[in-house]
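The listed protein sequences derive, respectively, from chains D and B.
Under the numbering used here, read the first sequence as residues 1218 to 1570, first letter to last.
Under the numbering used here, read the second sequence as residues 18 to 324, first letter to last.
In case anyone wonders, no lab produced these hints; they're calculated from the structure.
Take the hints with a grain of salt, since some may be wrong.
Pair by pair, the computed Cβ-Cβ distance ranges are [claimed, not checked]:
| id | chain 1 | residue 1 | chain 2 | residue 2 | range |
| --- | --- | --- | --- | --- | --- |
| 1 | D | 1279 | B | 115 | 30 to 38 Å |
| 2 | B | 226 | D | 1338 | 20 to 28 Å |
| 3 | D | 1406 | B | 64 | 15 to 23 Å |
| 4 | D | 1523 | B | 142 | 46 to 54 Å |
| 5 | D | 1274 | B | 131 | 53 to 61 Å |
| 6 | B | 54 | D | 1556 | 46 to 54 Å |
| 7 | D | 1298 | B | 138 | 45 to 53 Å |
| 8 | B | 86 | D | 1315 | 17 to 25 Å |
The beta carbon of each residue, even a glycine, is placed where N, CA and C say it ideally should be.
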Amino acid sequence: MKFSTKLRRTGVAALAVASLAGFTGTAHAQVDVPLVESGSSLLYPLFNLWVAGYTADHPSADITTTSSGSGAGIAQAIKGLVNIGASDAYLSNTLVKNNPTMLSIPLAISAQAVNYNLPGVTSLNLSGPILAGIYTGKITQWNDPAIAAANPGVNLPAHAIIPVHRLDGSGDTFIFSQFLAFSTPSWAQTLHFGTTVSWPAVTGELGGNGNSGVLAAVKANPYSLGYIGVSYAAKAAAAGLGVAALQDKHGEYVQPTSDTVAAAAASVAASTPADERISMIFSPGVNAYPIVNYEYAIVDSNQQAPAVAEAIRAFLSWAITEGNDPSYLSQVHFLPLPAAVQALSTTQINKIQ
Amino acid sequence: MTIRPFRLSVLTLSLFIPAALSAVVLFLVLYSGQAIFFNGLHFITDINWNLGDLYDDPVTVKGVLVPSGANYGIFVFIIGTLASSAIAILIAVPLSVGAAIFLAEAVPPKIRPVLSLLVELIAVVPSVVFGLWGIAVLVPFIGHYLSPTGNGYGLLAASIVLALMITPIIASTLLDSLMQVPKENRESAFALGATHFEVVSKAMMPMVRTTLVGGIVLALGRALGETMAVLMVSGGGINILPTSLFSPISTIASFVVSQLDSAQADPTNMSVRALSEVALVLFLITLAVNAAAKLIASGALNVRNRN
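Excised from the complex, chain B in its bound form (with noise of 0.2 Å):
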């Protein structure tokens, strides 16, 4: 009898978050259809962004009321959001694996959840912490020694910043589950003679490598969609496409953020719309990422299951 109104209940709350999902999708889809319309392909094609004069009548055009010069593109945030999560995750693989597999193997079990601790706690600290050490000390220390300009802002110093935020999130999963491969595996590795770099790389590795996958799609997330830190040590580029590891950037998360002050005075309401589509856009950025992960990851794990 009580078990009918608890998997009600159950079902709700499960229903729930698909409901939540498909309700930001719907919003995001509904209120920026005029953008959509409005801007066309060369949304995403595009390398200007202007919000128009918003000070000058606004003026229509193919029948849609638009502050006059308005011109929304976003390729430039597009390769800069790219960028930098791809190099923050170049950045971040070797760290956290070596991070993880260190803590696995190297480190007395004693201080182990001492350290993993302390790598768990690098992952919550709040991004914001993360941009002003970025100001304060990645960014003159780029300017200073590896910047041929001398100015450290830029898409290295975001791709660092990201880098620094997503290597615990790798090394904690990678940690999980190097602690959970069954110790026969282990030591038959080093029965057969296996040197400890063998039983690692070839006993042990083989067997996580799906959550290896996993957690890179994790930390890729919270890379793509990283706003604030970004914000502070990107150098906001606009306009202009990124052309070495030292030019300005800005990610498609931090531009909106940017720019939605501004937009809210737009009396044609359009430039919020357009700022909508982006977010559309990232949205759809990270769903594409999210499934070409899961695709690796199955084929990863089917590799696996023929050998």
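With the rest of the complex left out, here is chain D (with noise of 0.2 Å):
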């Protein structure tokens, strides 16, 4: 009696089961091939809303975006793991050596602010120097002569300074050490760039997991600045942090605005390698913001199946084109790829086979 039930309830799962695969089997005769993308957290974002739009245009696509971090989404892609690996940092020439047909493509451009919780102080300059000197505790002070002499008729308190930094490997160290190396001789010799950082012993010094960690830190510790993706300027401006304008290579401070980022890209579209593995941190540009990077997929360019590599190619032509659009990107505060850029991206989509 129990087994007789037991079997017919299967029976009915079964019947279910069959009759919905055969619903969704007639709805779209072609089904995609499935796409998994995985990395970086900043664009994880971005891919959901790119595949929300991309999905409403093109039904048939399945594509699954994960957030595992850059350095994840690089080792997975290489391992063939995933399709699409997501990083904000490109390839390291090591990496490229051994893995020659692994390509570093850029979809668009993000940038991140220095984020500073300073009671009393509501504009506040920095430059690549100073930060240098906060993070390796030469400069403690908040009213220390280098700062003063950046920030004219501002009354900077006698008080520590606490300097929050990524406690996880993140692209957003690898663009701030990027920047400090690149402004610093002393950092670039010492302590190089990365998405991770040996950071030096620093009395009151603070790690944060991830750019919400990194938020929280500073909110809740006044005298504290660090460093934050602009996805999360909304959340930064709600929590009453300031945002520091950062000096640029021709010495004038630069705010973030879509026009200083802008300006950044522009600088640097015309020398990006074919490869496109080049780094937008402390730009030639003129009213160029500093910290300023391309987005990128890690993709490898020999494909098992034909099938794999045109849904990739179509995912990632669609991605750089129609996912420029303001209305995605704007959402996450990122910018359009400069048309040369683009031009660059898509020679090396169409490698992919």
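Hey, can you piece these two chains together into the complex? The hints should help.
Structural data, given as structure tokens:
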């Protein structure tokens, strides 16, 4: 008796599954190859917007997005575990040498703010050498002569600085440390740049987990400062944090706005090489914000199946054209690729076979 | 006839757990072998951890290909782990002993199941919830009222969050065994004119000492290995030893999580091997703590038997 009920139940379930499968089968006669994207947590919200928009236009597309961090995105793309690795940083020379078929394809442009929590101060100028001094413990007080010289007329408090850094591996750490390395020779020689930095021992320095963790730590600690991806700009403003103007290559102090970020992108567009592995940090442009970067898709140009290659090409081509529309990018404060870079990315996408 | 297949299947199942454990240990040792060779003893005594320049060409050191400037030292994280767990235990033991005795002795039997269920419920709250509470409530509180620098992240915040997570573990194991103390022991102590305090401290607590130690070991295991909640409130100290309760720290488990992503982009793979060695050290520490606690527990047992 029991057995027969069980059998009947299983039968009903099987029938339901079968009818469901039949229904979806007839609805979309041609189902695309499923694609998996994984990597950068900064790109993750944008990928979700993109996949929603792309699937609306291409109902047969089947793309899964996951946020695992840039390093994991790179590693999984190289191992062939995911089709598209998302990364805030391009592949290193050694990785390219070891994996010559791997491509770094810019999809959009992002920037990073240096946010501060400084009671009584509403405008602050900082430079790469000042930030390098703060993060190495050479500049410890807000009224340090170096900071005072960059901020004439600002009443800087005599209070210890609390620097906040990312404690997880992060593309934000990559571009921030690259800014320090490119603008400050002593940083370049001792600490280099990377998604993780061996932060020097600075009393009181804090680590935050993720952009949200850094935001929380800067908000909770008056007299602190930290670097936060520009997609968190609205949250940082809501938390009452200031945005520092950073010194560009010409000595001017520049706020991160769509104009100054676009100026940085434009100044690098012409010199971007065919493999597009170039830093936009501390660019030579006039009135160009110094911490700007390409957001990359890490893809293997040598795909096993032609159908998979075609699906990746179709999606990435859409992402750098229709997907670069402000209706997507402005939601995460990203900027579109300049036309010259878009052409380079298209050439790279067409290499995926 | 049916005994033999039964015994066989039970044997297979029971061998599965030690086999899985051995496989994990074997993997950790084999995978981190190159890192163990490269690091030597410096690994546990050095306070400087540096993945090196992953964007520069790798260099050959001691015949092993490593990122230039790579230096793996985890002394800071060993101290962070032991200090935060020890302080957590110091906070949690009095709390949980008090809670268990209260629940066993002072609460009407009708309400007891409800309250003890609440205690057990705290034990199953996901650690990320504790972490969020830590960031939203505990860290600002410590920053405003306790810390001389105004910073709430660090050793104390991590220890308090850990203490809250492990208190229900100790309390519920202790409560269970307090409830099993024979009624006769309690009643004869009362009959001899003992006060309620003396009944609990002299007639009941000695009988549950082993359980208490067992509960503490379980709790310590969780505290040593806790990752997410610690990551969120510890301040992530690196290359610097804690000097006070308000110093930022990293524990071994949270440090592995924070470094793993960057390590995966290392073309030489040495970073991941070094992190695997870090995990091995955490495993050995947990093993040592458990073994020590077992010894203490059996010692406590012997003392009781002699009496």
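Hints, verified against the model:
no.	hint	result
1	D:1279 to B:115: 30 to 38 Å	violated, 56 Å
2	B:226 to D:1338: 20 to 28 Å	violated, 58 Å
3	D:1406 to B:64: 15 to 23 Å	holds, 21 Å
4	D:1523 to B:142: 46 to 54 Å	holds, 50 Å
5	D:1274 to B:131: 53 to 61 Å	holds, 56 Å
6	B:54 to D:1556: 46 to 54 Å	holds, 52 Å
7	D:1298 to B:138: 45 to 53 Å	violated, 38 Å
8	B:86 to D:1315: 17 to 25 Å	holds, 19 Å
The earlier numbered hints that this structure contradicts are 1, 2, 7.
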